[in-house]
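Participant: The primary structure of each chain is shown beneath.
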Amino acid sequence: MSAVVFRNARLLDPQAETLEEGGLVVEHGHIVDIGHDVKGAKGTRIIDAAGLVLAPGMIDSTTFAIDRIAALAGGITSILLMPDASRPPIDRASMVQLFLKGPHERDWAGPRVYPTGAATQGLDGAAMAELGLMAEAGAPAFSDGNRTIGNAGLMRRLLAHAARFERPVIQKPEDPALARCGVMHEGATAARLGLPGIPAEAEALIIERDARLARASGGHVHFAPLATAEGLASLTRLKDEGAPVTAATTPAYFHLNDEAVGDYRTFARLSPPLRSEADRLAIREAVTEGRIDMLCSAHTPLGEDDKRLPFEEAAPGAIGYETLLPLSLTLVHDGAISLPALWRMLSLAPAELLGLPQGRLAIGAPADLILFDPEFAWRIEAASLHSDTANTPFDGLPVHGRTRLAMVGGRILFDERDAL
Amino acid sequence: MGDPRELTSGGTAPHRPRYTRPAGDPFAHRHLLGIEGLHPFEIEFLLDEAERFVRCRRAPAASRREGLTQINLFFEASTRTLMSFEIAGKRLGMDTVSFAVAASSIKKGETLLDTAQTLNAMRPDVLVVRHGSSGAALLLARKVNCAVINAGDGRHEHPTQALLDALTIRRRKGRIEGLEIAICGDILHSRVARSNIHLLTTMGARVRLVAPPTLLPNDAQDIFGTPVFTRMEEGIEGADVVMMLRLQKERMAGAYLPSEKEFFHFYGLTAEKLALAADDVLVMHPGPMNRGVEIATAVADDLSHSAIEEQVEMGVAVRMACLSVLTRHLVEPADENADECSRGRE
Chain A
120 MSAVVFRNAR
130 LLDPQAETLE
140 EGGLVVEHGH
150 IVDIGHDVKG
160 AKGTRIIDAA
170 GLVLAPGMID
180 STTFAIDRIA
190 ALAGGITSIL
200 LMPDASRPPI
210 DRASMVQLFL
220 KGPHERDWAG
230 PRVYPTGAAT
240 QGLDGAAMAE
250 LGLMAEAGAP
260 AFSDGNRTIG
270 NAGLMRRLLA
280 HAARFERPVI
290 QKPEDPALAR
300 CGVMHEGATA
310 ARLGLPGIPA
320 EAEALIIERD
330 ARLARASGGH
340 VHFAPLATAE
350 GLASLTRLKD
360 EGAPVTAATT
370 PAYFHLNDEA
380 VGDYRTFARL
390 SPPLRSEADR
400 LAIREAVTEG
410 RIDMLCSAHT
420 PLGEDDKRLP
430 FEEAAPGAIG
440 YETLLPLSLT
450 LVHDGAISLP
460 ALWRMLSLAP
470 AELLGLPQGR
480 LAIGAPADLI
490 LFDPEFAWRI
500 EAASLHSDTA
510 NTPFDGLPVH
520 GRTRLAMVGG
530 RILFDERDAL
Chain B
6 MGDPRELTSG
16 GTAPHRPRYT
26 RPAGDPFAHR
36 HLLGIEGLHP
46 FEIEFLLDEA
56 ERFVRCRRAP
66 AASRREGLTQ
76 INLFFEASTR
86 TLMSFEIAGK
96 RLGMDTVSFA
106 VAASSIKKGE
116 TLLDTAQTLN
126 AMRPDVLVVR
136 HGSSGAALLL
146 ARKVNCAVIN
156 AGDGRHEHPT
166 QALLDALTIR
176 RRKGRIEGLE
186 IAICGDILHS
196 RVARSNIHLL
206 TTMGARVRLV
216 APPTLLPNDA
226 QDIFGTPVFT
236 RMEEGIEGAD
246 VVMMLRLQKE
256 RMAGAYLPSE
266 KEFFHFYGLT
276 AEKLALAADD
286 VLVMHPGPMN
296 RGVEIATAVA
306 DDLSHSAIEE
316 QVEMGVAVRM
326 ACLSVLTRHL
336 VEPADENADE
346 CSRGRE
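Quick mapping for you: the protein sequence lines, in order, are chains A and B.
Under my numbering, the residue at position 355 of the first sequence is numbered 474, and the numbers go up by one with no gaps.
Under my numbering, the residue at position 261 of the second sequence is numbered 266, and the numbers go up by one with no gaps.
Hints are not guaranteed to be accurate.
[As the list claims (entries may be wrong)] A partial selection of chain B residues facing chain A, derived with a Cβ cut-off under 7 Å:
id, residue
1, T219
2, P222
3, F234
4, T235
5, E255
6, G259
7, P263
8, S264
Honestly, the hints are just simulated from the structure, not real lab data.
Quick reminder that beta carbons are idealized off the backbone N, C-alpha and C, glycines included.
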């Protein structure tokens, strides 16, 4: 594999939390040198970054589709695929092997794909799936994806069994009994529109329950995505008490509130639903203060057949790969958080959760890198994104920040430096 | 022939008592409800008594219990334990009656205590009880006038199983003290595990527990005072004895474990895993075995390590010992010197 030297870049190191000018050398798929005056061997390909930011590629810890080009264009070089992204679900070792993708497959030109093993057989929420065999096959985490594991006894044993294999259980924090039939946040908008609501308490109930179960069973529970102030308060308190928990949210929950549903806009139907303005502000503050560990996209492509329906019948979810970077960068442009601190939530924290070696700007780490321009101004136009579908609630929003190049395992798989 | 232990034969040297017995009755208990709380000398006494019966198909005259009534009250399905108690009783000359639960009035709504009182009115001399609820044997013992032997109560204890395991180990290894013994499998639900942990630690063995976290009580390490391993390879390393537990099939359908396949992969005893134990490791299983689930057929049938058949054989001797010890106040004092195997056979 040919070597690559990046020069004249701004190096973004989420571990040291620094942003400094310099260069970097990639050989055999790994970072082999970092510094001001780096040199490669003779004949090495040299890339002049022209002042762009060179960072470890983002690791998206919750996604529901591979959507290869959209992920790379968004600056995402590793994705954790939820088990319900496939039908039948990823609930056995052979399915894990089928979905595990990366540079080890010569003809795979996309991000590294890590399948999350289903926590229960067929996502039935009743019988434990073969966590051990799936862990051996390469599943870095277990989850029932969009379905919350409602049975506390089962959740306790899942956490204990997953802990035996040193894997976290990812839980959507939404009490299924409270959420049943609900399609949006229970509040004024739902009452006005005549739509069944999901009370905000549905989130805190699961966080309170599962954090305690994790503590008792020796397991680790990761909540994704978080959307309410109450859930956040529970999370913060339990973390302070030392409970083995982490949490993620998506930019939608600190950019939008339930009023985005407006006159039944199904692109604003998410799961969990967009919450109140107070919830939005609380989530935004928690992200900037580091009380939420990481950001993810919850990327869910849905076509017209799923979205052009009465609100209650439409499927929940939005695409998110290409909007994750610019929507997260708004916090930096607003001066609410530093770029290195934000990057910790986009690369290092998910790597640590999943036990992955990438997500770091360090010698010896896999060369999963991106070049991006944090100041580049553009307008999100759903139709011109690379995603398979256009279901984003951010259509028309002016934003800053765009990925110019993406490298996975030393191979450049996306390069738009000249196109823009 | 003053020492009855000289009657024992076999490949190993006769066992010499290690624990000083206090003067008087060496087993001053009316019932045998569990191992917990027994003194080392009491356990040793029962094992020594059992040793006397190992070679004798029929009990020696002084140990015969002609005319006494033994009722086997089994509320749970059992083949080997029930048979073992029946044969033990018959070899002592007792009249044994086994009470089949399916045909009993329990199914008609009678409570356990009503049944106990009914049976008590028939004046048995010893009641052997197995029940699915922990503590059932103790409840019965408080209500009846005869000796009660616990043949397994729920997840609590199965004392005769632990005794027969101990006898097997002692005969094969010559001792219990100081041995490294790994108990592997469903510790959480196993009465065999509980009785064995009590017995083996009381007798000075170093016990380790090996199980998936879902089949261990929380904080097992502190509760039992034994090291706990969730990786079998680490847990059986260098072990002198590997004791496998039976896994209930219904526990493997996703409630506690994902599948039999996964359990066997991580916790099944295979020749590969067994190679990590001591060279002269003894493999035990209380039966009935789930081949290919907790134990590979090749390991179960390997006579150089497996003591599984011997355990069944020791079961009868141990149960003869328990029955005769608990009923010895009911017979005329006999001349211990007449206590010979050959006479018993006649």
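Participant: Hint by hint, say whether it matches the structure.
Facilitator: A quick look at each hint next to the structure:
1. T219: B:T219 check passes; min Cβ-Cβ to chain A is 4 Å, inside 7 Å.
2. P222: violated (11 Å)
3. F234: violated (11 Å)
4. T235: The hint holds - B:T235 has a Cβ within 7 Å of chain A, the shortest such distance being about 5 Å.
5. E255: violated (11 Å)
6. G259: holds (2 Å)
7. P263: holds (4 Å)
8. S264: With a minimum Cβ separation of about 6 Å from chain A (threshold 7 Å), the hint on B:S264 holds.
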